[in-house]
Amino acid sequence: MNKRGSALIMGLFIVLVLSILTSIFLYKQVNQNLAAVRYADDVKALWVAEGGVQDARSDLSQSSPATGQIGGGNYTVSINFIGTNDNSDYYSVVSSGTVGSVSRVIQSVVALTSTVPNASKFPYGVESTVEIDFKGSSQVYGETTPLPIPAKTRDPDYYKENSTFSFSDLFGFSTDELKELSTVYNNAWPSGEISGVNWVVAPSSNFNGNVSGSGILIIQGDLKITGTIDFDGIIYVMGELDMMGTAMVSGAVLAESAASVDTTLTGTCDVEHSTVNIQNALNLLVDESTQVVSWKELPN
Amino acid sequence: MRAVHGKKRQSGLTLIEVLVSVAIMATCISGMLLTYINLFTITDLMRDFTLAMNAASQKVEEIKCNPYDSILAFNNSTFTVAGFPDASDAIGRIEVSNTTNAYLRKVRVVVSFRTRGRVIGEDANLNGLLDSGENTVSYAETAGPRLDSPIEIVTYVGNYSS
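Residue numbers (the numbering used here), protein chains in the order written: chain A, 1 to 300; chain B, 1 to 162.
Here chain A stands alone, though its shape is the one from the complex (with noise of 0.2 angstroms):
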């Protein structure tokens, strides 16, 4: 029997089989590779997805589908009202995060929660840190005084001196974060038709125009009234209140004096306790908070 050659064709088949071998690596390897970029755009999309749950969270109420880009990848949200229970409403929110060819949906049941501050905290008409002084035809009385008023009533049920309280309790806001949601006035004072919510960073100088509105109106100083003040809602004062112009106020006057000055109550003032007026003033401060009750992922 002739051999010749039969190494080569030995060899031939030896590398073929080496060769048949490496390609399986180089196949598996190639397709771990790709699974691990898939990996990345997996973590990406959820991540992407996430961000569109965050989006939405701000305006729960949008009927059509919201959409954003975020980083390399696009997301789309859609929201649906569930139903309502112990004061908050439930919305779910359903999330489609895509980078690549990879797409991750998340859906995520969220409760909205409204507070607003109630006006129970606020049960007189003046309230002062220190010791009020009523002087000329100042009176303060509530809203269920029978009528007509007497003459300088000044009705101890709606009146409190040296008082204690607190600003955020009372808001249900910090003072950084409710003068970042009001009108603000710097160094001077409003005037004519006032509404909302007004901060005044107070002059040094007195309050001698003329204002008239509705609403919170928080002084960050002294207030002393020289002018005409006639307003339906809160009026906050950190510092020394000093009320001689004419003043008429349906709400409640607060007065967190840091000297101990009295806080003064002269001239023409007119302030009556109405629970009315304040919770109107209050329901200004609406305070919405949202909170993610169940997160699952959806098959795509």
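Don't take each hint at face value.
[Said to hold, decoys possible] Pulled a few chain A residues facing chain B out of the computed Cβ check, cut under 8 angstroms:
| hint | residue |
| --- | --- |
| 1 | L8 |
| 2 | V15 |
| 3 | S19 |
| 4 | F25 |
| 5 | V48 |
| 6 | G51 |
[Stated by the list, open to error] Computed beta-carbon distance windows for the label pairs:
| hint | chain 1 | residue 1 | chain 2 | residue 2 | range |
| --- | --- | --- | --- | --- | --- |
| 7 | A | N85 | B | N135 | 47 to 57 angstroms |
| 8 | B | T136 | A | W295 | 29 to 39 angstroms |
| 9 | B | N76 | A | L18 | 45 to 55 angstroms |
| 10 | A | I20 | B | T136 | 34 to 44 angstroms |
| 11 | B | N76 | A | D176 | 21 to 31 angstroms |
| 12 | B | T136 | A | E193 | 55 to 65 angstroms |
| 13 | B | N127 | A | K296 | 31 to 41 angstroms |
| 14 | B | T100 | A | I20 | 55 to 65 angstroms |
| 15 | B | T14 | A | V17 | 20 to 30 angstroms |
| 16 | B | D69 | A | E131 | 30 to 40 angstroms |
| 17 | B | T100 | A | E297 | 25 to 35 angstroms |
| 18 | A | S168 | B | T100 | 26 to 36 angstroms |
To be clear, the hints were calculated from the coordinates, so they are not data collected in a lab. Think of the CB as a built atom: it goes at the ideal place given N, C-alpha and C, for glycine as much as any other residue.
With chain A held as given, fit chain B onto it using these hints.
Structure of chain B alone, referenced to chain A:
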């Protein structure tokens, strides 16, 4: 009879056959060896890729766990990536920015790392900063020069539970 009267002819490989076989084998095996070496590199790359991605994801979770008001403090900070034999072989960078929505902040986490001498991501010196010459066109620049890497997670963090 031939065994008795003549010398038996030896069958076997000629020198040429052996040389050709060895040459072919050497060529093929060296090619395969190179492939194996590349496979090891890819394996290391994928391992580090996964480690970096996990670290980025974990960091975003960590940021989300912080109060909304304090997450801006993470902006431009860096972090080390666990799992690398040498801690200096990988670094993550965090960017936190405000959006047009006052209740929404954008969080971006990027990780660059070195595998077998090759740096993945723009941070060539792995210091967490985009130094001169590091910005390349390989990655999309949508918001001006920034440190980019294939290991990047971008998401929003919201403040809705005040």
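Against the structure, the hints:
Annotation: L8 (chain A) was flagged as interfacial toward chain B, and the flag holds, the nearest CB pair being 5 angstroms apart, inside 8 angstroms. For V15 (chain A), the interface hint holds, the least distance from its beta-carbon to any beta-carbon of chain B being 4 angstroms, beneath 8 angstroms. With 8 angstroms as the threshold, the beta carbon of S19 (chain A) comes within range of chain B, its nearest partner Cβ sitting at about 7 angstroms, so the hint holds. The beta carbon of F25 (chain A) comes within 6 angstroms of a beta carbon in chain B, closer than 8 angstroms, and the hint placing it at the interface holds.
A cut of 8 angstroms between beta carbons decides the hint on V48 (chain A): the least distance to chain B is about 7 angstroms, and the hint holds. Checking G51 (chain A) against chain B: minimum C-beta separation of about 4 angstroms stays under 8 angstroms; hint holds. Our hint of 47 to 57 angstroms for N85 (chain A) and N135 (chain B) holds, since their Cβ atoms are close to 52 angstroms apart. Checking the proposed 29 to 39 angstroms range against T136 (chain B) and W295 (chain A) shows it holds: the Cβ atoms sit about 37 angstroms from each other.
A C-beta distance of roughly 52 angstroms is found between N76 (chain B) and L18 (chain A), which places it inside the suggested range of 45 to 55 angstroms. At roughly 39 angstroms, the beta-carbon separation of I20 (chain A) and T136 (chain B) lies within the given 34 to 44 angstroms, and the hint holds. Range check, N76 (chain B) to D176 (chain A): Cβ separation about 25 angstroms, and the 21 to 31 angstroms hint holds. Between T136 (chain B) and E193 (chain A) the beta carbon distance is about 60 angstroms. The supplied range of 55 to 65 angstroms therefore holds.
The hint said 31 to 41 angstroms for the Cβ distance between N127 (chain B) and K296 (chain A), and at roughly 40 angstroms that hint holds. For T100 (chain B) paired with I20 (chain A), a C-beta distance near 59 angstroms keeps the hint of 55 to 65 angstroms intact. A hinted range of 20 to 30 angstroms holds for the C-beta pair T14 (chain B) and V17 (chain A), which are about 25 angstroms apart. As the Cβ distance of D69 (chain B) to E131 (chain A) is approximately 38 angstroms, the hint placing it in 30 to 40 angstroms holds.
At roughly 29 angstroms, the beta carbons of T100 (chain B) and E297 (chain A) sit within the given window of 25 to 35 angstroms. With their beta carbons about 28 angstroms apart, S168 (chain A) and T100 (chain B) fall inside the hinted range of 26 to 36 angstroms.
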